[in-house]
Amino acid sequence: MRRFVRDNSLTLAFGVAFLLALAGQAVAGRAEFNQQLVVDGLAPIEFGDYLVSSDFAVDVSENWQSEYLQFFLYIFGTVYLLQRGSPESKEMHKAGVESERDQRMGEHAGPDSPRWAGTRDWRQTVFSRSLGLVMATIFLLSWLAQSIAGVAAFNEQRLRQLQAPIGWGEYLASADFWSRSLQNWQSELLAVASMAILSVYLRQRGSPESKPVGTAHGSTGVEG
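Numbering (my numbering), first residue to last: 363 to 586.
Please keep in mind that the hints were generated in silico from the structure rather than gathered at the bench. Where hints are given, some of them may not hold.
[Unchecked claim] Label-pair restraints from in silico Cβ distances:
no. : residue 1 : residue 2 : range
1   : N370      : A537      : 38 to 44 Å
2   : F380      : V554      : 15 to 21 Å
3   : S541      : Q398      : 14 to 20 Å
4   : G439      : S581      : 19 to 25 Å
5   : P574      : R522      : 54 to 60 Å
Keep in mind the model is a prediction, meaning the values are calculated, not measured. Glycine residues also receive a C-beta, built at the ideal position from the N, C-alpha and C atoms.
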């Protein structure tokens, strides 16, 4: 058990932190939601009811979709896009999908390589892009969930104001949907751009996200 925790400490630590943050969001979100209900002259709801509400679902899903959009764009973008001096970038001469030798594919796969890396069919094609494809799929599913929960929450608010509800298609073209999406996207894109350029000149000793402390600013694709 001790070895398992050590070998998986990064995933476990962030997984626990995620659950604590999600629980905190649920508690704070319910309090805020109930305050609004009281202002509107309605009765507060129980915690369990809030967890299955469209209000909680849209808040969670809009955060998830923006995070997975960031990963999807970063994974595919760094295949071709470079930043001289950044450990987040490949070396300047490696732009593109790289050769099979560099990627240990096909006849260059080793005995410890994943089985599909050595195949010559659709399985290798899918596996060689599986990380980006999964991130893109989770992003699209989260964005879809945001739109479905979002239109329910939006219509609930409209009904409180004695306004007619709108359809899902109309909501997709609404300012509410795009405001929720874009306000998260811009922060994620700014974070990626900041990490790429700041890691050229700044260091964090011992972190693989940083170059070694004494490495020249111009060194690219070098991790600590």
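These are the hints, each one checked on the structure:
About 43 Å separates the C-beta atoms of N370 and A537, a value consistent with the hinted range of 38 to 44 Å. For F380 and V554, the hinted distance range of 15 to 21 Å is satisfied, since their beta carbons lie about 20 Å from each other. For the hinted restraint 14 to 20 Å between S541 and Q398, the CB-CB distance of approximately 18 Å keeps it satisfied. Checked against the given bound of 19 to 25 Å, the beta carbons of G439 and S581, roughly 21 Å apart, stay inside it.
Checked against the hint of 54 to 60 Å, the C-beta distance between P574 and R522 comes to roughly 57 Å, which is consistent with it.
Hint compliance for this structure: no hint is broken.
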